[in-house]
Amino acid sequence: MSDTHVKRVDHIFKKANCREVLEKIMDMKPDDICQELLESDLKGRGGAGFPTGLKWRFAANEEDPVKYIICNADEGEPGTFKDREILDQVPEKVFCGMAVASRAIGAKMGYIYLRGEYKFLIPMLNEELLKFHKTMDEFNLNFRIQIRLGSGAYICGEESALFESIEGKRGEPRNKPPYPTKSGLFGKPTVINNVETLVYTVMIMRYGAAHFKELGTKDSRGSKVFSVSGDTPKAGIFELELGMSVDEFVQDFGDGDTKAVQVGGASGFCVPRKKFEETIIGFEGVPTGGSMKLFNSTRSMYNLLHNYLDFFTEESCGQCTPCRVGCQQLLKGVEAVKRGDKNSKYLEELVKLAKTMKRASKCGLGQSVGNAFGSIVENFKEEIIY
Amino acid sequence: MDTIIENELVRELANQHGRTRESLIPILQDLVVHKRFLSKQDMVDVARELNISAADVYGTATFYTFLDTELRGKYVIRICKTISCAMKGKNEILSTIEEILKLNLGETTPDRKFSLLEANCIGWCHKAPAMLINDTPYTELTPEKVTEILREYIKK
Ligand SMILES: Cc1cc2nc3c(=O)[nH]c(=O)nc-3n(C[C@H](O)[C@H](O)[C@H](O)COP(=O)(O)O)c2cc1C
Ligand code: SF4
Ligand code: FES
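Chain order of the listed sequences is U and C.
One point on numbering: in the numbering used here, the residue at position 115 of the first sequence is 115, and numbering is uninterrupted.
One point on numbering: in the numbering used here, the residue at position 39 of the second sequence is 1039, and numbering is uninterrupted.
Think of the hints as simulated: they come from the structure by calculation, not from any bench.
Check each hint, because a few of them may be wrong.
[As the list claims (entries may be wrong)] Straight-line alpha carbon distances no greater than 25 Å define the calculated BS3-like cross-link-like pairs of lysine-lysine that follow:
#, chain 1, residue 1, chain 2, residue 2
1, U, K14, U, K213
2, U, K342, U, K358
3, C, K1127, U, K14
4, C, K1040, U, K7
5, U, K213, U, K15
6, U, K169, C, K1040
7, U, K134, U, K108
8, C, K1035, U, K169
9, U, K381, U, K352
10, C, K1156, C, K1035
11, U, K358, U, K332
12, C, K1155, U, K234
13, C, K1145, U, K234
14, U, K176, U, K358
15, C, K1074, C, K1040
16, C, K1113, C, K1145
17, U, K108, U, K7
18, U, K24, U, K108
[Stated by the list, open to error] Selected chain U positions facing chain C (Cβ under 10 Å, derived; list incomplete):
#, residue
19, F81
20, D83
21, R84
22, G116
23, L149
24, C156
25, E167
26, G171
27, G236
28, Q262
29, S297
30, R299
31, L304
32, E382
Keep in mind the model is a prediction, meaning the values are calculated, not measured.
Yeah, the Cβ is synthetic: ideal placement off N, Cα and C, and Gly gets one too.
Looking at chain C on its own, in the form it has when it is part of the complex (with noise of 0.2 Å):
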C-alpha cells in the first residue's frame, strides 16, 4: 500500500517535470520538500520512472548535500559554519538550539520535526551569523533572537 503512494507521487512529479535525465534533479529536489529526505524506494521509483539505473540516480543524489538521502525532519536547521559566521558566535548559537532541542548536531528528534546540520557559507556573511530553515534565511543571530525563532517552529 505504502509503495504505491510513493508511486504515485513520483509518478506525479515525473508528468510534471517530464522523464528525460535533466529532469531528474528538479524531481528529487520535489521529492526532498515532500518527504524531507530520498528513501531507497523512491530512488528505485525515480529509476524506473526515467527509464535509467538505480546506481545513476543514487549517485547522483549523494553528489549534492541538499538531496539528503538519510531521514530528517519536517524542519532542517543548516547553520553556517564558515569564517565569517564562525567568527562572530556561530558556536554560540548552535548550543543555545542544541540545548532548546535537546539534539546534537546531525541528529533529528525522535518527532522528526527538527534535524541540525552545519552548511558551508549560505551567502549572509555581512548579517553574520546566519542559518537556514529550510529554505528560509535567518541572519544576525543571537542566542535570544534563535530562541525566539525556534520558539515560534515548535508551536508550529
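Chain U on its own, in the form it takes in the complex (with noise of 0.2 Å):
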C-alpha cells in the first residue's frame, strides 16, 4: 500500500514556534496581516469556503473598541473529526492563530466554542490556556481566551447559532444580513473561523502566502486535513494536497471496491463511481470540511440516504418551515416510496422539495440537505425504490 496517490503533506500537526510567529506579527501591521492572508487564498476550512483574509479585513475596518474571535470546534458534521486531533495534538497552534487574528482585527477576547462530545479535552486545554495567557502578557498582548462547551447541538456550529448558544439562547440562526464581521456575538464585529483555517494562517504567518500556494490548485489553494472513515484500510486523519480527483483519493484509500463516496459529510454531496475521475474535491468541484466517507457495494444507499435524513430531521432547530417539515417529509416520503406505499414518481416529487428547501429554508442546514438527498436519489435510484 505505499504507492499514495496523493501527496501527503505535513503541516497542521508539525510543531511550530509560537512564538517566533509572534514576534513576527509583532513586526507587522494589522492590515499586512490581512493582506498576506488574501494573498495565499487561504480559504475557511468549516466548509463554506469563505476567503480568511477577506473576512479578517472586513472585521478590521469596523470602528468598535469591542471586537471577538471565535474558534469554532463544534465539527459535529457526520464523519469529521480532524478538529479534535489538531486541538488535541497542537493546541498552541490554534490559540496562536487566534493570537494572529486578534492583532489583525483588534480583538481583547476570544472564545473557543468546544462541542460537548469533546468536554473530556477541557482539562487538558485549560492547562495549555494558562501557558498561553503567560506569553500573551510576556508580549504585552492584551488577549485572552475563554472556553465555551456545546450541549450537543450539531446547528450550534452555524455561525449565528453559536453565538446565541454563547450567549446563553437557543441555538437558532440569526437572519443574514447582517454578518458577523458586522454584527457577531453580542452584535459586536466577529470573526470566527474553523480550528483547521486558524492553524493555516499561523503557518501563513511564519512562511508567507507563496509558500503556502505552492501546493493545490488555482481555486483550491494548499493543502487541507481529511477525516476518512467508511469502508477503507485506512481509516484516519490525513492531511492532503487540494484538487486531487475522487478517482485519485479512491486509488489511494478504497478498498478496491468502492461504490460511491460521500465527500463533505451528510451536507455534502454523493459521488458515485462512474463520476469518479470527473470529480475534483475541492472548491471547483466537490467542497468539503474534510470528511470523506467510502461505501463498498455491499452497502445499501437507502440506508445511507435513511441515516442522513433521521439526523437532519433530529438537528434541524425546528425555526423555519421549510426546513423543519421538509425533512420529516423527506424521511418519511423515502421511508414510503421503500415500502412501495408510494411509486417512483413520487421520489421525484421529493427531489423538487429538496430543491425548494435550499432556497426556502433560513440557514445552512435546510438549504444543504438537498445536496446528500439529490446526489444519492439520483445516482442510486434503484437502490431507494426496491
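Two chains, each in its own frame: build the complex with the hints.
Written out as C-alpha cells, the structure is:
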C-alpha cells in the first residue's frame, strides 16, 4: 500500500515555534496581516470556503472598541473528527492563530466553542491556555481566550447559532445580513473561523503566502486535513494536497470495491463510481470540510440516505417551516417509497421538495439537505425504490 | 428541606459562573454534572437566581440534547448511531449493552445507575463503532470489549 496517489503533507500537526510567529506579527501592521492572508488565497476549512483574509479585513475595518474572535470547534458534521485531533495535538497553534486574528482585527477577547462530545479535552486545554496567557503577557498583548462548551446540538456549528448559544440562548440561527464581521457575538464585530483555518494562518504568517500557495490549484490553494472513514483499510486523519480527483483519492484509500464516496458529510455530496474521475475534491468541484466516507458494493445507499435524513430531522432547529417540515417529509417520503406505498414518481416530487428547501430555508442546514438527497437519489435510484 | 439544598447548589453555581444571561448554559451544564438531569424545581431556582423567566430557562434547556430534563442514571451511555458506526456493527453493541444492563434504549436502570441513549456522530468515525459514557469516549467497540467496559462500571 505504499504507492500513494495523493500527496501527503505535514503542516498542521508539525510543532511550530509560536513565539517566533508572534514576534513576526508584532512587527507587522494589522492590515499587512490581512493582506498576506488575502495573497495566500486561504479559504475557510469549515466547509463554506469564505476567503479568510477578506473576512478578517471586513472585521478590521469596523470601528468598534469591542470585537471578538471565535474558534469554531463544534465539529458536528458526520464524518469529521480532524478538529478534535488538531486541538489535541497542537492546541498552542490554534491559540496562536486566534492571537494573530486578534492582532489583525483588534480584538481583546476570544472564545473556543467546543462541542460537548469533546469535553474530555478541557483539562488539557485549560492547562495549555495558562501557558498561552503567560506568553500573551510577555508580549504585552492584551488578549484572552475562554472555552465555551456545547451541549449536543449540531446546529450550533452554524456561526450565528453559535453566537446565540454563547449568549445563553437556544441555538437558533439569525437572519443574514448583518454578517458576523459587522454584528456577531453580542452584536459586536466578530471573526469566526474553523480550528484548521486558524492553524493555517499561523503557517502563512511563519512561511509566507507564497509557500502556502505552492500546493493545490487555482481555486483550492494549499492542503487540507481530511477525515477518512467507512469502507477503507486506511481510516484516519490525513493532510493532503488539494485538487485531487475522487478517483485518485479512491485509488489511495479505497478497499478495491468502492462504489460511492460521500464528500462533505451529511450536508455534502454523494459521488458514484462513474463520476470518480471527473470530480475534483475542492472548491471547483465538491467542496468539503474534510469528511470523506467510502462505501463499497455491499452497502445499501438507502440506509445511507435514511441515516442522514434521520440526522437532519433530529438536528433541524425547527425555526423555519421549509426545513422543519421538509426534513420530516423527506424522511417519511423515502420510507413510503421503500415500502411500496408510493411509486417512483413520488421520489421526483421529493427531489423537488429538497430543491425548494435549498431556496426557502433560513440557514445552511436546511439549504444543504438537498445536496445529499439529490445526489444519492439521482445516482442510486434503484436502491432507494427496491 | 430538599429544595433548600437544591437552592444552595444553584446559588453556588451562579456565584461561580455569574448571573448574566450568558451564564445560563454553563450553570445548567454543571447542574447536569451534579444531578444527571434538570428537575423542574432546579430550573425554577436558576430562573430566580438569574432573574429571568422560568420559561426561558426551560426553553433553552430543552433545545440542547445534553441538557437532559428527564431523570437519568449516574452513568449515561450514548452510543453513536450515525452511518460509519451503523456500518461497523453498532446494533450488535447496542443489543449487547441492553442484554447486560437489562434495559432498552431510552431507559434508565431502576437503581438509577445507567441510562442508555443514542447520539449523532460523536467524532470517532475512523474508530467506529463508538460511544460515550458521560464524558469518556470508547472506540472500536466489539461485544467483548463493551462487556469488559460495562463490567468495570458495574463495579464502581
Ligand atoms: C448546520 C451548520 C453546521 C456547521 N458546523 C460547523 C462546524 O462544526 N465547524 C465549523 O468550523 N464550521 C461549521 N459550519 C460553518 C460555520 O457557519 C462557519 O462558516 C465557519 O465556522 C467559518 O469558518 P471558516 O471560514 O474558517 O471555515 C456550519 C455551518 C452550518 C450551516
Ligand atoms: S434551515 Fe433548519 S436549522 Fe436552519 S434555521 Fe431553518 S429550521 Fe433551523
Ligand atoms: S459516525 Fe459514529 S462517531 Fe462518527
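Hint check results:
no.: 1; hint: U:K14 <-> U:K213; in the structure: holds (18 Å)
no.: 2; hint: U:K342 <-> U:K358; in the structure: holds (24 Å)
no.: 3; hint: C:K1127 <-> U:K14; in the structure: holds (23 Å)
no.: 4; hint: C:K1040 <-> U:K7; in the structure: violated (56 Å)
no.: 5; hint: U:K213 <-> U:K15; in the structure: holds (20 Å)
no.: 6; hint: U:K169 <-> C:K1040; in the structure: holds (18 Å)
no.: 7; hint: U:K134 <-> U:K108; in the structure: holds (15 Å)
no.: 8; hint: C:K1035 <-> U:K169; in the structure: holds (22 Å)
no.: 9; hint: U:K381 <-> U:K352; in the structure: holds (15 Å)
no.: 10; hint: C:K1156 <-> C:K1035; in the structure: holds (17 Å)
no.: 11; hint: U:K358 <-> U:K332; in the structure: holds (19 Å)
no.: 12; hint: C:K1155 <-> U:K234; in the structure: violated (36 Å)
no.: 13; hint: C:K1145 <-> U:K234; in the structure: holds (22 Å)
no.: 14; hint: U:K176 <-> U:K358; in the structure: holds (15 Å)
no.: 15; hint: C:K1074 <-> C:K1040; in the structure: holds (19 Å)
no.: 16; hint: C:K1113 <-> C:K1145; in the structure: holds (20 Å)
no.: 17; hint: U:K108 <-> U:K7; in the structure: violated (38 Å)
no.: 18; hint: U:K24 <-> U:K108; in the structure: holds (19 Å)
no.: 19; hint: F81; in the structure: holds (4 Å)
no.: 20; hint: D83; in the structure: holds (8 Å)
no.: 21; hint: R84; in the structure: holds (5 Å)
no.: 22; hint: G116; in the structure: holds (5 Å)
no.: 23; hint: L149; in the structure: holds (6 Å)
no.: 24; hint: C156; in the structure: holds (8 Å)
no.: 25; hint: E167; in the structure: holds (5 Å)
no.: 26; hint: G171; in the structure: holds (6 Å)
no.: 27; hint: G236; in the structure: holds (5 Å)
no.: 28; hint: Q262; in the structure: holds (8 Å)
no.: 29; hint: S297; in the structure: violated (13 Å)
no.: 30; hint: R299; in the structure: holds (7 Å)
no.: 31; hint: L304; in the structure: holds (6 Å)
no.: 32; hint: E382; in the structure: violated (20 Å)
When the structure is compared with the earlier hints, violations turn up for hints 4, 12, 17, 29, 32 and for no others.
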